[in-house]
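Chemist: Heads up: the sequence lines are chains A and B, in that order.
Reminder that position 93 of the first sequence reads as 99 in my numbering, one-by-one numbering, no gaps.
Reminder that position 179 of the second sequence reads as 1460 in my numbering, one-by-one numbering, no gaps.
These are computed hints drawn from the structure, not numbers from a lab.
Fair warning: there could be bad hints in the mix.
Capping the alpha-carbon separation at 35 Å, the derived lysine-lysine pairs in DSBU-like fashion look like this [stated by the list, open to error]:
| id | chain 1 | residue 1 | chain 2 | residue 2 |
| --- | --- | --- | --- | --- |
| 1 | A | LYS215 | A | LYS183 |
| 2 | A | LYS65 | A | LYS120 |
| 3 | A | LYS47 | B | LYS1514 |
| 4 | A | LYS120 | A | LYS47 |
| 5 | A | LYS120 | A | LYS183 |
| 6 | A | LYS180 | A | LYS221 |
| 7 | A | LYS65 | B | LYS1379 |
| 8 | B | LYS1514 | A | LYS215 |
| 9 | A | LYS221 | A | LYS183 |
Selected chain B positions facing chain A (in silico; Cβ < 10 Å) [said to hold, decoys possible]:
| id | residue |
| --- | --- |
| 10 | LEU1400 |
| 11 | SER1459 |
| 12 | ASN1461 |
| 13 | ALA1464 |
| 14 | CYS1467 |
| 15 | GLY1468 |
| 16 | MET1477 |
| 17 | GLY1518 |
| 18 | ASP1519 |
| 19 | VAL1553 |
| 20 | ALA1554 |
| 21 | GLU1558 |
| 22 | GLY1559 |
Treat the numbers as computed from the prediction; the structure is a model and nothing was measured.
Backbone N, C-alpha and C define an ideal beta-carbon position, used for all residues, glycine too.
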Amino acid sequence: MIRVVIVDDELPARELLREFLAADEDCEIVAECANGFEAVKAVAQHDPDLLLLDIQMPKLDGFEVLELLDRSPIVVFVTAHDEHALRAFEVHALDYLLKPLSQERFQQVMERVKRAAGHERQPVAGLATSLRAKPLQRIVVRGEDGAIQVVPVSRLDYIEAADDAIRIATSGNKLRKQQPISEIAAQLDPDRFVRIHRAYVVNLERIEKIELYAKDSRVAILRDGTRLPVSRSGYQRLKELL
Amino acid sequence: MATTRTALSRATLALYGMAAVTLAATASSAFFLWARHASPGMAVAAALPPSLVLGAIALASRFLCNALPLRSAARSSIAIGHAGSAAAASGLWVLTWKSWVPALNAQIATQHLDPDYSLLFALGVMLYVAAVAVHYLVLEIEALREAEDEVLRYRVLAREAELRAFKAQVDPHFLFNSLNAVASMCGSRPLEAREMAQRLADFFRLILRLGALERITLAEEIDLVRRYLAIEKVRFGDRLTTHIDVDEGAAACMVPPLLLQPLVENAVRHGVASMVEGGTIDIKATLEDHMLRIVVDNPADPDRTDARGEGIGIENARGRLSAVSEGRAMLQAAEAEGQFRVVIELPR
Chain A
7 MIRVVIVDDE LPARELLREF LAADEDCEIV AECANGFEAV KAVAQHDPDL LLLDIQMPKL
67 DGFEVLELLD RSPIVVFVTA HDEHALRAFE VHALDYLLKP LSQERFQQVM ERVKRAAGHE
127 RQPVAGLATS LRAKPLQRIV VRGEDGAIQV VPVSRLDYIE AADDAIRIAT SGNKLRKQQP
187 ISEIAAQLDP DRFVRIHRAY VVNLERIEKI ELYAKDSRVA ILRDGTRLPV SRSGYQRLKE
247 LL
Chain B
1282 MATTRTALSR ATLALYGMAA VTLAATASSA FFLWARHASP GMAVAAALPP SLVLGAIALA
1342 SRFLCNALPL RSAARSSIAI GHAGSAAAAS GLWVLTWKSW VPALNAQIAT QHLDPDYSLL
1402 FALGVMLYVA AVAVHYLVLE IEALREAEDE VLRYRVLARE AELRAFKAQV DPHFLFNSLN
1462 AVASMCGSRP LEAREMAQRL ADFFRLILRL GALERITLAE EIDLVRRYLA IEKVRFGDRL
1522 TTHIDVDEGA AACMVPPLLL QPLVENAVRH GVASMVEGGT IDIKATLEDH MLRIVVDNPA
1582 DPDRTDARGE GIGIENARGR LSAVSEGRAM LQAAEAEGQF RVVIELPR
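In isolation and in its complexed conformation, chain A is listed as follows (with noise of 0.2 Å):
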């Protein structure tokens, strides 16, 4: 038995994914999501092998979703814009439908979807990091508790590393996000974020002034008083900027 989350933001699309599978009976729809942050919530509570994911969604879009998730189920993307199936293949995707869906083509991806469902799968997640669409503009963070946080880049002050996980510092909050900070650092807009240090990352806007600390090094001074360090290769990529 194939489990079956469906998420779309938009009912009609839902009703019409509920009854291509109703003639399917090797299949079970365990939940009906209408956003991204029930999609996450689902995959976590059911663990299904397979995840019908709209792109376009508010909050959290599909990519996010799966950035956010930590089962990898057998994912087909439902979506009315073509523009995004090359990438939805890139984050490891079984396959894509596009909207308005044709049964005939809904069966075809049925059938690999059966294929697949009993090998092992190449975890979405991670893939969906670094696929995502660049420059970066809102980091996804899932709590120890399982809540979602969205924070749009504008509101980033920095990120410095921890382990092999980041911590991402908005207005005084800090959120732990594990993903390495080369990765985070790359896909973040060059022109308004520079890697400062070996271990932090900061948005240009927030920075006060640069101070000479000691012999060769040098400290950033925040519009909030924090201090980062400034390494020398980080002093020359931020005079490039300035």
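The hints should help you fit chain B onto chain A, whose structure is shown.
Modeler: For chain B alone, kept in the frame of chain A given last:
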């Protein structure tokens, strides 16, 4: 390019003008002297310096002409202004004669010049008035040319805006998603599916019909918007509510077709669709003191991605509006505390 060209021709025109007035003044006054038995050489030598002064004054009278435009200044102030300055200019010209002629007489013993100063004063006034007439003529021609340029510019802008608006009009994703909704209803609610297909066809037909017109009433535009929102309502369900309030005077106002529709489409696509719970699109149109005012309000997630598309839509609407109103209309878009608001003001 255009301004350089105008500036160049203006400077050249001014020089020609000054030369013409100097030449005319020299020739005519020298003729008077010759008639009073001065040798031709002496007559010209006597006439040239005061004529140069008159030429310069006639040139400067351009500023007075600028300050007293024919179209807007009162007839009386134009008459008084130029009569006064004609008298002053001619007075100065006669004064130059009066100081120059004795000096010339003292230098040259063989001839004695005795000009008729009242005749010279009359001549000065005439030449000054002629110069003013030429200035006004030039100003009029310039104004005409500028007006023509302006009309042409607005026509080009209007055409460009129309093209852009048409491209922006038919958002294919709106069509794809709506067709998906039709497909969805076919199984369980075939009557509604049929109705939705009809609505879609009516909407696109209306867009084609209205788009071909130059101006339509706001009532017609609002009808188009209502049809659009009715289709979106099928997709978004309870997440989309609308409130439309158009007063009678506003409904009768003429507007460019498809002005509001793309803005309302923005309000759905980037506004209500960005909210998990959805929200209300509020459209209000009033007519007060010959000013049509349309306000579109909608909630929008401040953290939504891809705000680029909205900017283009608003720029298109602004361009179209300014093209059809020749710059007199205004469109403002502002976002605060999760509410997006577009205000249009169009003089009737």
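Chemist: So, for every hint listed, does it hold in this structure?
Modeler: Taking the hints in turn, this is what the structure says about them:
1. A/LYS215 to A/LYS183: holds (28 Å)
2. A/LYS65 to A/LYS120: At roughly 31 Å apart (the allowed maximum being 35 Å), A/LYS120 and A/LYS65 satisfy the hint.
3. A/LYS47 to B/LYS1514: holds (27 Å)
4. A/LYS120 to A/LYS47: holds (24 Å)
5. A/LYS120 to A/LYS183: holds (33 Å)
6. A/LYS180 to A/LYS221: holds (31 Å)
7. A/LYS65 to B/LYS1379: Cα-Cα ~89 Å, so violated.
8. B/LYS1514 to A/LYS215: Violated, at about 52 Å.
9. A/LYS221 to A/LYS183: Satisfied, since the Cα-Cα distance of roughly 34 Å is no more than 35 Å.
10. LEU1400: Hint on B/LEU1400: violated, closest Cβ of chain A at ~77 Å, above 10 Å.
11. SER1459: OK, holds: B/SER1459 within 10 Å of chain A, min 9 Å.
12. ASN1461: Holds. Min distance 4 Å.
13. ALA1464: holds (5 Å)
14. CYS1467: B/CYS1467 check passes; min Cβ-Cβ to chain A is 9 Å, inside 10 Å.
15. GLY1468: holds (5 Å)
16. MET1477: holds (9 Å)
17. GLY1518: holds (5 Å)
18. ASP1519: holds (9 Å)
19. VAL1553: This hint holds: B/VAL1553 lies near chain A, its Cβ roughly 9 Å from the closest one there, short of 10 Å.
20. ALA1554: holds (6 Å)
21. GLU1558: Check passed: Cβ of B/GLU1558 comes within 9 Å of chain A, closer than 10 Å.
22. GLY1559: holds (8 Å)
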